[in-house]
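Novice: Chain by chain, the residues run as shown.
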Amino acid sequence: MSVTKSTKPVGIEVSLAIAEAVKLAEAEVVAAYPITPQTHIVEHLSDLVANGELSAEYVPVESEQSALSACLGSSAAGARTFTATSSQGLMLMAEMVFIAPVLRLPIVMAVANRAISAPINIWNDHSDIMSIRDCGWIQFFAENGQEATDMTIISFRLAEDKNVMLPVILNLDGFTLSHFIEPILFPPQDKVRKYLPPYQTAHKLDITKPISMGLLGAPEVFTEIKKATDNALVASKKYVSKAFDEFGKIFGRQYKLVETYKTDDAETIIVTMGSISETATVAVDEMREAGEKVGLVHLRLWRPFPVDELRAAVRGAKHLAVVDRHFTPGFPEGPVATEIRALMYHEADRPKMSNFILGLGGRDVPRNHFKYIVEQVKGLGASGRQGHYEMVGVLE
Amino acid sequence: MTIQKLNSAQVPFEKITAKTFPKGPDSLAPGHRACQGCGEVLALRLLMKALGRDFMAVSATGCMEVCTGPFPQSAWEMPWLHIAFENAAAVASGVDAGNTILRRKGKLPDQRIPVVAIAGDGGTADIGLQALSGALERYHENFIYICLDNEAYMNTGIQRSSATPFGASTTTSPAGKLSKGQSTWKKNMPAIAVAHNIPYVATASPAFHLDMMNKIRRAAAIPGPAYIHVYAPCPTGWRMKSELSVESSRLAVNSRVFPLYEVIDGQYVISKRVDNPIPVADYLKPQGRFRHLKEDDIAQISERVNHEYEHLIKLSETFDGPLF
Amino acid sequence: MKNKVKITMEATTKVGDLPFGFTAQPGTTREFKTGDWRSARPVLDREKCIYCGFCYIYCPDGVYKDMGPKEKYYQADLDFCKGCGVCANECPKKCIQMVVEEV
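Protein chains in written order, with my numbering: chain R, 1 to 396; chain E, 1 to 324; chain Z, 1 to 103.
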């Protein structure tokens with residue numbers, strides 16, 4: 001029996017659960033190229049297609065560059081389209097990534113986040129996705145397997161919303177999330193169909209109503225085309241909330257753009273993205289037990305950036321300790337910290353900002369890293385310094 | 001699994017003759033920004049005309065893409081998509097995959113829609129070769145690839161490609177004291193396409209317009225991928241008078257420089273035998289890119305051209321039936 | 001705040017007026033007349049014309065129009081003709097002359 005027919009949680013590897021969610025979403029074209037740690041997603045999709053469980057065209061392309069190229073083609077043809085990649089693969093398809101949102105093609109892509117070379121390293125951090133931060137896609141970070149499964153379905157719904165029509169990247173940490181076996185409750189197919197009706201669009205290649213897509217944008221229109229696309233991305237935030245709420249109503253699991261944990265009276269707030277948020281949650285509990293006024297903010301939506309939600313979530317805190325899983329060579333801060341610092345700059349009552357680079361290239365992030373972070377931040381008070389930047393645990 | 005023997009040569013298609021030449025409106029509108037006398041846009045216009053309008057076109061970045069699609073205008077009368085330079089084959093394969101599943105699910109009428117990828121020689125033989133190889137190998141049923149070969153990167157300003165012929169002076173293979181222009185022989189793209197065991201490969205020239213137009217019709221009729229390599233004279237890049245683009249493509253065929261043939265299910269078939277070729281020099285002379293060549297250079301080119309032509313004839317005579 | 005500095009606006013289309021996904025409608029390059037690129041125009045000697053259609057076939061810009069079996073000739077649309085001279089060169093009866101445009 002197919003795992004998705006179970007009414008109880010099923011123990012399954014998260015990559016396979018994502019593939020099952022793509023099946024529940026009834027994706028029509030999957031074009032992908034193997035790269036660790038994304039492979040299990042597309043292997044399982046190949047299985048589902050080969051066994052007739054998913055009626056789709058699986059295009060086994062010869063590179064990631066061609067993977068997203070084929071996806072752009074199939075999405076332009078009007079087919080619901082999925083791909084997945086990682087690290088060097090994302091680098092190789094980077095050129096095509098930036099094209100999809102401007103052409104308003106609602107592709108869904110899972111990125112099993114992995115470090116980028118050199119040195120070659122197959123393990124988890126966020127340097128792949130951060131290096132294409134400005135690609136214009138809606139971008140989520142999943143915290144756990146259930147969320148990655150649910151978000152796969154939500155991503156299609158959101159991408160194809162007539163008010164949105166933008167591609168979506170679902171980030172999930174390579175290995176530390178993608179390869180873990182977790183209990184997953186699959187949404188029932190009939191309800192998924194209700195939540196996510198078949199994809200229909202007039203914005204496609206159609207021999208009865210031909211249009212031309214992908215034209216040359218000269219200086220007199222380029223700025224306006226870019227602005228129109230950004231307007232759509234910024235405006236999509238409202239529909240992200242709507243997609244979350246409707247998902248919550250139908251399936252009983254409610255997601256938020258920004259999650260908060262024990263932040264109400266917190267003096268120090270840790271900011272995380274991705275699967276380390278679960279580790280951080282446990283660390284916060286332990287620190288709370290020891291009497292520390294510490295809380296956690298976890299960004300689920302990365303683009304469009306939930307500006308107001310983030311500001312509201314950290315309001316009242318004295319210190320922000322932002323965690324980055326990528327660093328910016330030649331600049332004394334990681335990308336997430338820099339963005340949050342910029343957003344807080346104009347706040348009347350802004351907290352002190354510190355930034356910690358953690359877990360590069362698969363280095364483990366245990367609970368005591370978060371305790372270490374909080375210690376560093378608290379130490380700032382005595383010295384009068386406004387912030388701290390550190391690559392945690394680097395052996396020099 | 002038994003491999004089904006194809007017989008692509010027998011697949012019927014509606015042939016264009018001088019009498020049945022489609023006189024209706026073109027499938028590529030005027031007002032495009034191609035240079036005066038552009039042989040590439042002429043080839044494109046005739047190829048599109050042969051297919052009518054019930055197909056989808058995917059362009060690689062290049063002259064044809066830039067000159068036909070300046071927002072908010074488009075010269076294309078059929079659905080058209082451009083993504084980037086190196087990936088027209090991959091994009092077109094995705095379009096075909098999309099059409100295929102939508103047809104299977106009943107979301108599109110049960111009708112084959114040819115998907116035509118169009119790229120220049122750089123977009124085909126250099127930067128797009130990997131994507132093309134992948135698409136040909138994957139055997140997309142309604143996939144046609146057209147290489148419009150003007151023998152250099154013309155859109156960026158006449159830089160050499162692997163399809164630039166020996167001796168041609170370009171901005172990155174300039175003739176000089178120590179250089180005779182391009183130092184390498186033209187890459188044999190059709191042979192590379194043939195090596196993918198696809199049902200149809202052909203070369204075509206706009207001067208032989210009926211032959212060219214029928215080749216794309218045959219390509220559309222045969223199920224499976226097709227590759228058509230089209231000679232596309234560029235007066236600007238070849239430093240030649242604008243009125244000579246059709247004439248130069250005729251001279252290229254008649255001098256054996258650009259032979260016309262088909263490869264159907266692996267079987268080479270010569271489209272136009274050139275038993276009494278005109279001198280290669282007659283082809284080279286009107287083009288400024290070859291102006292620096294001396295007599296012995298031309299003799300060397302001539303020798304190789306004839307050798308390759310004879311090899312091609314042998315190929316056509318060697319096989320007595322389809323390879324697969 | 002009133003702007004004192006006036007900036008030059010090169011833009012042609014407002015953000016809100018752009019078509020969704022910045023697509024274009026088919027065949028719309030017809031709005032762009034390329035005829036003013038021309039330095040010479042094709043002039044046909046109808047006496048010599050045999051109505052073979054090579055000018056129509058070989059025109060890179062597709063500017064020739066079939067005037068029909070009664071008129072028996074093809075006419076160049078000078079709104080689009082770029083004056084390349086391919087038609088004159090290919091005409092088997094040499095009945096098209098390229099005549100320099102008076103400025």
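Hints are computed from structural coordinates only; laboratory data are not their basis. Be aware that one or more of the hints could be misleading.
Unchecked claim - Under 10 Å between C-beta atoms, here's a sample of chain Z residues computed to sit facing chain E: (1) F20; (2) F32; (3) G83; (4) P92; (5) C95; (6) M98.
Said to hold, decoys possible - What the simulated footprint calls covered on chain R by chain E, stretch by stretch (three residues with Cβ under 8 Å from a Cβ of chain E suffice, anywhere in the stretch; the number is not a length): (7) 28–35; (8) 48–62; (9) 68–75; (10) 232–243.
Small disclaimer: the values here were computed from a predicted structure and weren't measured. Glycine included, every Cβ here is placed at the ideal spot set by N, Cα and C.
Novice: Given Z/F20 was flagged as interface, is its beta-carbon under 10 Å from a beta-carbon of chain E?
Specialist: Because about 12 Å separates Z/F20 from the closest Cβ in chain E, which is outside the 10 Å limit, the hint is violated.
Novice: Given Z/G83 was flagged as interface, is its beta-carbon under 10 Å from a beta-carbon of chain E?
Specialist: holds (6 Å)
Novice: Quick check on the hint: Z/P92 CB to chain E CB, less than 10 Å?
Specialist: Violated, because the Cβ-Cβ distance from Z/P92 to chain E comes to roughly 12 Å (cut-off 10 Å).
Novice: Closer than 10 Å between Cβ atoms is the bar; does Z/M98 clear it against chain E? Give me holds or violated.
Specialist: Hint on Z/M98: holds, closest Cβ of chain E at ~8 Å, below 10 Å.
Novice: How about the region 48–62 of chain R: do at least three of its residues have a C-beta closer than 8 Å to a C-beta of chain E?
Specialist: holds (count 7)
Novice: Please check whether the region 68–75 of chain R has three or more residues whose CB lies within less than 8 Å of a CB on chain E.
Specialist: With 7 residues close enough to chain E, the hint holds.
Novice: Cut-off 8 Å, C-beta pairs, minimum 3 residues; does the coverage of the region 232–243 of chain R by chain E stand?
Specialist: violated (count 0)
Novice: Please count how many residues of the region 28–35 of chain R have a CB within 8 Å of a CB from chain E and say whether that reaches 3.
Specialist: The restraint on the region 28–35 of chain R holds, since 3 of its residues have a Cβ under 8 Å from chain E and three suffice.
Novice: Holds or violated: is the Cβ of Z/F32 closer than 10 Å to a Cβ in chain E?
Specialist: holds (4 Å)
Novice: Given Z/C95 was flagged as interface, is its beta-carbon under 10 Å from a beta-carbon of chain E?
Specialist: Status violated, d = 15 Å.
Hint compliance for this structure: hints 1, 4, 5 and 10 are broken, all remaining hints hold.
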